[in-house]
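Peer 1: Take a look at the letters that make up each chain.
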Amino acid sequence: KQEVTQIPAALSVPEGENLVLNCSFTDSAIYNLQWFRQDPGKGLTSLLLIQSSQREQTSGRLNASLDKSSGRSTLYIAASQPGDSATYLCAVTETGANNLFFGTGTRLTVIP
Amino acid sequence: SAVISQKPSRDICQRGTSLTIQCQVDSQVTMMFWYRQQPGQSLTLIATANQGSEATYESGFVIDKFPISRPNLTFSTLTVSNMSPEDSSIYLCSVGGREKLFFGSGTQLSVL
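So the sequences go chain by chain: A and B. The first sequence begins at 1 in the working numbering and counts up by one. The second sequence begins at 113 in the working numbering and counts up by one.
Just so you know, these hints were derived from the structure itself, not from any lab. Owing to the predicted nature of the structure, the values given are computational and were not obtained by experimental measurement. Idealized CB from N, CA, C, for every residue including glycine. It is possible that part of the hints are untrue.
Some chain A residues judged to face chain B by a derived CB distance under 8 Å, without partners named [what the hints assert, rightly or not]:
#1 L11
#2 S69
#3 Y76
#4 N98
#5 L100
#6 T104
#7 G105
#8 I111
#9 P112
DSS-like cross-link-like pairs, simulated, lysine-lysine; straight-line CA separation at most 27 Å [claimed, not checked]:
#10 K177(B) x K1(A)
#11 K119(B) x K1(A)
#12 K42(A) x K119(B)
#13 K212(B) x K119(B)
#14 K68(A) x K1(A)
#15 K177(B) x K42(A)
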């Protein structure tokens, strides 16, 4: 069964710092990988989606990379802002399935 | 994109009672998904609800405990039956597919 792990579980950084969140998965037969942001009382918002054939995706200050063979993905956030404070979740979709397997998330706090 | 309205946003319930969570989408969708997020845990898929057929439940979840209705292409309900404190979680509905998932704001359930 696919297992998705995120490290660290929590992270605090001063405003303006660049940071990296890590995600690893056990089965490399994935269809895609997504990064989500979860805000209390607001559900989940999809940030970036990387297809299995892609290496990275960028959106504004966010850059996500994927190394399928090693079962790893990173989410890079440049010039962090207090508004980036949230829980970040990665999730993988396996080939031939609709189900997403979620990691437990990294709770990010950006200190003004 | 899809806008999902989920209610209630939170509830506190007594042991042994049932709660029905509603999910309304602003467009017609084929599949709707119900997830559970236990405290400190990742999201776990409960079931997939297709209009006009019985929901498909994931391992560890049964219809008697989590009955689901899907009367049309824009609406679904999830009932948490005969609740116990272990059912205290966030419940989320989502729509979409492997390329993109949209989530409701979630229902924070506490069972006393």
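Peer 1: Taking the hints in turn, state whether each one holds.
Peer 2: Hint-by-hint comparison with the structure:
Checking L11(A) against chain B by beta carbon gives a least distance of about 16 Å; that is not within 8 Å, so the hint is violated. Taken as an interface hint, S69(A) does not check out: its beta carbon lies about 21 Å from the nearest beta carbon of chain B, beyond 8 Å. A cut of 8 Å between beta carbons decides the hint on Y76(A): the least distance to chain B is about 22 Å, and the hint is violated. Residue-level restraint check for N98(A) holds (minimum Cβ-Cβ distance to chain B is 6 Å; threshold 8 Å).
Taking 8 Å as the C-beta contact cut-off toward chain B, the hint placing L100(A) at the interface holds, the least distance being around 7 Å. With a cut of 8 Å, the hint placing T104(A) at the interface with chain B holds, because the nearest CB-to-CB distance is about 5 Å. Against a cut-off of 8 Å between C-beta atoms, the interface hint on G105(A) holds, since the closest Cβ of chain B lies about 7 Å away. Given the 8 Å rule on beta carbons, the hint for I111(A) is violated: about 23 Å separates it from the nearest Cβ of chain B.
The interface hint given for P112(A) is broken, as the beta carbon of that residue sits about 26 Å from the closest beta carbon of chain B, more than 8 Å. For the hint pairing K177(B) with K1(A), the CA-to-CA distance comes to about 24 Å; that is within 27 Å, so the pair holds. Distance hint between K119(B) and K1(A) is unfulfilled; the C-alpha atoms sit about 32 Å from each other, more than 27 Å. Taking the CA atoms of K42(A) and K119(B), the gap is about 12 Å. The hint holds against a cut of 27 Å.
For the proposed pair K212(B) and K119(B), the alpha carbon gap of about 22 Å is at most 27 Å, so the pair holds. Taking the CA atoms of K68(A) and K1(A), the gap is near 16 Å; set against the 27 Å cutoff, the hint holds. Between K177(B) and K42(A) the alpha-carbon distance is near 26 Å, which keeps this suggested pair within the 27 Å criterion.
Violated hints for the displayed structure, listed by number in ascending order: 1, 2, 3, 8, 9 and 11.
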